[in-house]
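Asker: This is what each chain is made of:
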Amino acid sequence: MVLITTALALVFFYAPNDADQGFVQKIFYVHVPLAIVALIGFIVAGVLGAMHLRTRDDTWDARSYVAIHMSVIFGVGVLATGAIWARASWGKWWVWDEPTLVSFLIVFLLYATYYPLRYSIDDPQRRARYASVFAITAGAFVPINFIAVRLAESLVHPRVLNQTAGDMPGEMRLTFLVALAGMALLYVTLVKLELTSKNARRQLRRLRKLLEEERSGGAAPPPIATVPAKPH
Amino acid sequence: MTVAVEPAIESSQGSQRARAESSTFAVALDQVVRHYGERVALRQVTLRLEQGRTLAVFGPNGAGKTTLLRMLATLLLPHEGELRVLGHVLPREAHRVRPHVGLLAHEPLLYRDLSGRENLRFYARLYDIEAPEVRIAHLLESTAMTTRSDEPVRNLSRGMAQRIGICRAVLHRPELLLLDEPRAHLDPEAAAMAEPLIGARTGVTRVLVTHEIEHGLAEADHVLGLREGSVLIDAPAAQLDPRDVRALYGAGA
Amino acid sequence: MRAVVAIARKDLLVELRTKESVPAMALFAVTTFVIFHFGLDRDRLEGELAAGVLWVTLLFAAILGINRLFVAEREQGGFDGILMAPIERTSLLIAKSGALIVYLVALELIALPVFALFFIDEGFWEAVPRLAVVMLLADVGLAVVGAMLASIAIHTRARDLLLPILLLPLTVPVVIAAAAATKPLLSIPLDTSGVGKWLAVLALYDLVFGLLAYAVFDFLMED
Amino acid sequence: MPALPLDEAGKYVAGAYGVFVALILVYVAIMAAKLQRIEREIQSLTELARERLKERG
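Residue numbers (numbering that gives the first Met the number 0), protein chains in the order written: chain A, 0 to 231; chain B, 0 to 252; chain C, 0 to 222; chain D, 0 to 56.
So that you can see chain A by itself, here it is in the shape it has in the complex:
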């Protein structure tokens, strides 16, 4: 895990230096990979949620939760870097005619409600089930939302920001791909870290409960009378 992180740091400080064109355009290398990874994370979380509903195994729900959690954190980065980019390019902190950014904001707002949803369900089984349903629904929502917003914006502004598409010079593309891979690795690493810490905390709680229960001496009170029914 440490290895991945250091490799990532190397990639990060090396790659942008490589492609020397563009000035503001460099934000692209952090903004777009962040966004792509976050969105894929959301969709993966939906699949993980479906796995939970299928198996009823709580570890799938925990994975789905952590994936959404990390994607939301990445989402904060996306919106912040996006705003800075907009300020640099268009002189405004926020523009509504960048369909991808607007879609992302909507998706981000939707996933922000994941937390109040989780926290307001007490029963763990039900919480896991409902959170999974949310993850699936929201995961399906991501592409639909992008279709709708893109259609809406291109109606007013046929101009499409083409540098996000494939046609960029080889050097830039290489940097971009490396940045994307690095970001994906960072995501996976952080998800693992968070999952490990969550599991550690849960097991500690269980251990404490076990130790304390032993002290209070025995769980069940003694029976008063038991003569179970027998078949005749």
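None of these hints come from the bench; they were simulated from the model.
Incorrect hints may appear among the rest.
One side of the interface only, derived from the structure: several residues of chain C facing chain A at Cβ under 10 Å [as the list claims (entries may be wrong)]:
no., residue
1, Met-0
2, Val-3
3, Thr-89
4, His-154
5, Ala-157
6, Arg-158
7, Ile-164
8, Leu-165
9, Ala-176
10, Lys-196
11, Leu-198
12, Val-200
13, Leu-211
With a straight-line cut-off of 25 Å between C-alpha atoms, the simulated DMTMM-like cross-links for lysine to aspartate or glutamate are [what the hints assert, rightly or not]:
no., chain 1, residue 1, chain 2, residue 2
14, D, Lys-53, D, Glu-40
15, C, Lys-196, C, Glu-87
16, C, Lys-196, C, Glu-45
17, A, Lys-208, D, Glu-54
18, C, Lys-18, B, Asp-112
19, D, Lys-10, A, Asp-96
20, A, Lys-208, D, Glu-50
21, D, Lys-33, B, Asp-112
22, C, Lys-18, C, Asp-159
23, D, Lys-33, A, Asp-121
24, A, Lys-197, D, Glu-46
Keep in mind it's a predicted model, so treat the numbers as computed, not measured.
By construction, the Cβ of each residue, glycine as well, lies at the ideal position given by its N, Cα and C atoms.
Could you slot chains B, C and D onto chain A? The hints should help.
Answerer: Frame of chain A; chains B, C and D shown alone:
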């Protein structure tokens, strides 16, 4: 839990025998556990109830009585253990159990803005009952509710709503009746009227949750005593003294 | 199917008896129009502004009705009676969505003429048949997603608080598509180009979330 | 993309990457705090277990 030391084939035969045996009972629970969050509502409850018998469930508040009833009514999933109702495994075969179970819960499960008759009609449609109007008229007659059956339930007293609730619970002629304090809010006369519908002489298997110890013991064939989710009493009613049951409630016992 | 009809009929009967939801929704919508009049300081609306005002108002009014339908069920039957009956759980979803569609159509029957009276000068009635198609498709989407999310929200501690914040972002595509489809219809002169594309988006949304709700609903109803 | 002078653009680029680094730093800090809590918990549980062993003799 004993560890199986015998060869695998034999142990699987053994469990098959246990399953065949448990399917002859109307209600069979094996080591059933249910949590609510961190709290354990039922811990390893094992229980057998024969067809046509009445089980009285006693226990202080929070003992798990309602949890048990809701589980038998297919409303709650067991978290561990095996649960069979009328020979079907829950929750997998819940759809086979549902047509034959009637629950009279704490709440009468009626829509307050509809009349008693409309409520019964609604449930008759859900249960797909034949000749619903005849059945409804008969039930309303036997609970002496015919004259007030077209008023919205919100205008009825709690006891009258309970009478409609009883009609609702037995509407589809269930084979297993789950009764949560059925006589609550009923005056003696109404309780007597309800007797042919939900009483011991119906011949239906019944699970009766109650706090009236003497009455419950008189009604029951078998008794289950719960406290904090654990079974403290599991014995024929004839072998029990009201004092044994009272010990469930008493501090320390 | 028998169960779907029974439950939807029961809900509509309760609504007819109490007259709780639809009148409240309609009153809310009309009041919101008045507020928009002052907030925007406009006597007449057309094009995108008209479409926006109409759809935002309808969406918020819909949230009122969705909340009420599920809160009332929980307060009275508590869902137990229906869940114990020998029926498919999804018939509850379909019945509730159906009842919501009826609510929304009733709301639109009242709100749309008032909207036209307040804000639109001419050419409105020509647009009505096409507008009806847009509304029906949008209603289906709102009702299905609303019923699914309300089933989630009703079982949480926050209850009716959670529904709007879950529902609003999820219905953004409906509002985008419905408003975009409505805009040319409320423009002067009437212009029907581009409406078909948006109807397709609405239909896609209805289809995807309809299937999704159908697939996951069982998990929301077990305990 | 309208070209901005380099010094002007540099500020924004630095800002964007700064946001990214800051985000990760904040996250790491939070995780560190959590790790510390876990460590403390382990410590107290170890003591509890040791006590228990002593009781048993």
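Asker: All the hints need checking, so say for each whether the structure fits it.
Answerer: Verification of the supplied hints:
1. Met-0: violated, 25 Å
2. Val-3: violated, 21 Å
3. Thr-89: This interface hint is violated because 14 Å lies over the 10 Å limit.
4. His-154: Hint holds; His-154(C) Cβ to chain A Cβ min 7 Å, cut 10 Å.
5. Ala-157: Hint holds; Ala-157(C) Cβ to chain A Cβ min 4 Å, cut 10 Å.
6. Arg-158: holds, 8 Å
7. Ile-164: holds, 5 Å
8. Leu-165: holds, 5 Å
9. Ala-176: The hint holds - Ala-176(C) has a Cβ within 10 Å of chain A, the shortest such distance being about 6 Å.
10. Lys-196: Since chain A brings a Cβ to about 7 Å from Lys-196(C), closer than 10 Å, the hint holds.
11. Leu-198: violated, 12 Å
12. Val-200: This hint holds: Val-200(C) lies near chain A, its Cβ roughly 6 Å from the closest one there, short of 10 Å.
13. Leu-211: For Leu-211(C), the interface hint holds, since the closest Cβ of chain A sits about 6 Å away, which is under 10 Å.
14. Lys-53(D) - Glu-40(D): holds, 20 Å
15. Lys-196(C) - Glu-87(C): Violated: Lys-196(C) and Glu-87(C) sit about 35 Å apart, past 25 Å.
16. Lys-196(C) - Glu-45(C): holds, 21 Å
17. Lys-208(A) - Glu-54(D): holds, 18 Å
18. Lys-18(C) - Asp-112(B): OK: Lys-18(C) and Asp-112(B) at ~11 Å, within 25 Å.
19. Lys-10(D) - Asp-96(A): holds, 24 Å
20. Lys-208(A) - Glu-50(D): holds, 15 Å
21. Lys-33(D) - Asp-112(B): violated, 53 Å
22. Lys-18(C) - Asp-159(C): Measuring from Cα to Cα gives roughly 20 Å; hence the hint holds.
23. Lys-33(D) - Asp-121(A): Satisfied, since the Cα-Cα distance of roughly 23 Å is no more than 25 Å.
24. Lys-197(A) - Glu-46(D): holds, 22 Å
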